[in-house]
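A.B. asks: So that you can map any letter, position 410 of the sequence shown is 416 in the working numbering, and since no number is skipped, the others follow by simple counting.
Derived from the structure by calculation, the hints contain no laboratory data.
If you're wondering where the values come from, they're calculated on a predicted model, not measured in any experiment.
Careful: at least some of the hints might be erroneous.
[Stated by the list, open to error] Heads up, simulated SDA-like pairs for lysine to any residue below, C-alpha to C-alpha not over 25 Å straight-line:
#: 1; residue 1: K133; residue 2: E164
#: 2; residue 1: K133; residue 2: F260
#: 3; residue 1: K133; residue 2: H152
#: 4; residue 1: K330; residue 2: T303
#: 5; residue 1: K330; residue 2: A409
#: 6; residue 1: K158; residue 2: W148
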Amino acid sequence: MAPTDETGQAAQQSPASGTTPPAPPPAGGAGANGRMPRWLPRAMVLALALVAVFQLGSWAFHQLTGLLINILIAFFLALAIEPAVSWMASRGMRRGLATFVVVIGVMIVSAGFVTLLGSVLADQIIKLIEGFPAYLDSVIHWINTHFRTDLKRVDIQEGVLRSDWLRNYVQNSATGVLDVSAQVIGGLFQLLTIALFSFYFAADGPRLRRAICSVLPPARQAEVLRAWEIAVNKTGGYIYSRGLMALISGVAHFVLLQVLDVPYAPVLAVWVGLVSQFIPTIGTYLAGALPMLIAFTVDPWYALWVLVFVVFYQQFENYVLQPKLTSKTVDIHPAVAFGSVIAGTALLGAVGALIAIPAIATLQAFLGAYVKRYDVTDDPRVHGHRRRGEGPGLLTRARGVWARRPAAERPGAGGSGKSSS
Numbered sequence: 007m008a009p010t011d012e013t014g015q016a017a018q019q020s021p022a023s024g025t026t027p028p029a030p031p032p033a034g035g036a037g038a039n040g041r042m043p044r045w046l047p048r049a050m051v052l053a054l055a056l057v058a059v060f061q062l063g064s065w066a067f068h069q070l071t072g073l074l075i076n077i078l079i080a081f082f083l084a085l086a087i088e089p090a091v092s093w094m095a096s097r098g099m100r101r102g103l104a105t106f107v108v109v110i111g112v113m114i115v116s117a118g119f120v121t122l123l124g125s126v127l128a129d130q131i132i133k134l135i136e137g138f139p140a141y142l143d144s145v146i147h148w149i150n151t152h153f154r155t156d157l158k159r160v161d162i163q164e165g166v167l168r169s170d171w172l173r174n175y176v177q178n179s180a181t182g183v184l185d186v187s188a189q190v191i192g193g194l195f196q197l198l199t200i201a202l203f204s205f206y207f208a209a210d211g212p213r214l215r216r217a218i219c220s221v222l223p224p225a226r227q228a229e230v231l232r233a234w235e236i237a238v239n240k241t242g243g244y245i246y247s248r249g250l251m252a253l254i255s256g257v258a259h260f261v262l263l264q265v266l267d268v269p270y271a272p273v274l275a276v277w278v279g280l281v282s283q284f285i286p287t288i289g290t291y292l293a294g295a296l297p298m299l300i301a302f303t304v305d306p307w308y309a310l311w312v313l314v315f316v317v318f319y320q321q322f323e324n325y326v327l328q329p330k331l332t333s334k335t336v337d338i339h340p341a342v343a344f345g346s347v348i349a350g351t352a353l354l355g356a357v358g359a360l361i362a363i364p365a366i367a368t369l370q371a372f373l374g375a376y377v378k379r380y381d382v383t384d385d386p387r388v389h390g391h392r393r394r395g396e397g398p399g400l401l402t403r404a405r406g407v408w409a410r411r412p413a414a415e416r417p418g419a420g421g422s423g424k425s426s427s
């Protein structure tokens, strides 16, 4: 009996055809011998190497963030002192010596200002501590008089000395002395780093520009040199205009403080001038707080007069003085300047706030050369006015409304009807 199942039929038919069915392809994309492709190990190694390089670069960037910020500050400081160094070098002085003179001069002025300000604050703190018992007695007398209490300064002092919060504060202060010392040492080291890099950037400015241009084609070299020149002009102009406004502000506030007979008027005037000009956005409020505090110790009404003068002078500076002084140096719209300060603060903190305005001014001036501008047509809509003759006027619209009213509602229509009847 012949097999009737399908397997048997397949077995009988296969040798008759004389051919074998094709083998199925190997699973997983392997080759004919069952091995993986040759490119796969290389791709895996390359991917792992890229991940490792990215992780290493990210770690190194986070570790070197402080150094990079210091180098950025030093670069902008070098741009700021570049005009003075170039002027001295053009008069025959060696560039390294000219840079040294300028850097030492800036450091001496900064150190003198900090020393004078520190002496003022220390003197005021000493006077406050010496006069604190009398002030406390006056406060206790006022409380006893108005609230019919029997407070004594000795009892308050003993209660404060025996309190737990004072003991905890002293312990925390003792442990925080080391942290403050470490921060002071770190700040001095950062200042030294910034000073050294600023010196190298300013002294070796031509060599640095030559090194950068040596790896660029001639067309790119011209663009780099032009961008560098714009950065020097804008940064130097920013420092010049701010310094001039600081001088005017200092003189104006010195006259006020001298009239009010506020102590340390020269130092406070220098404080107001520098802080209000070189600390964006909040510099005015920080600058006016210290003179107000010292004036309050003389007479509370003097503090109010200082506040009023600071507010009025700030408006005068924003709308009259600043546009005239910055029109040829750092001509930036106030909204753009304010936004750049906020963006710089979000990116780099206080450093970003300081360098935001000259950086945006440099970028704006550099990109302005590549934007083609056209003459604006003399159209009233440019000035926010509607073109004359465009649309019906007021009288025409009133006549149209009058014409659309029913005849019965018009004055005189009823009278004409009565006469006809």
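A.B. asks: Does each hint fit the structure? Answer for all of them.
C.D. replies: Verification of the hints:
Between K133 and E164 the CA atoms are separated by roughly 23 Å; this keeps the pair inside 25 Å, and the hint holds. With a CA separation close to 22 Å, the supplied pair K133 and F260 stays within the 25 Å bound. Restraint check for K133 and H152: not satisfied, since their Cα atoms lie roughly 28 Å apart, outside the 25 Å limit. About 37 Å separates the Cα atoms of K330 and T303, which puts this hinted pair outside 25 Å; it is violated.
At most 25 Å may separate the alpha-carbon atoms for a hinted pair to count; K330 and A409 exceed this at roughly 56 Å. For the proposed pair K158 and W148, the alpha carbon gap of about 12 Å is at most 25 Å, so the pair holds.
Of the numbered hints given earlier, the model fails hints 3, 4 and 5; all others are met.
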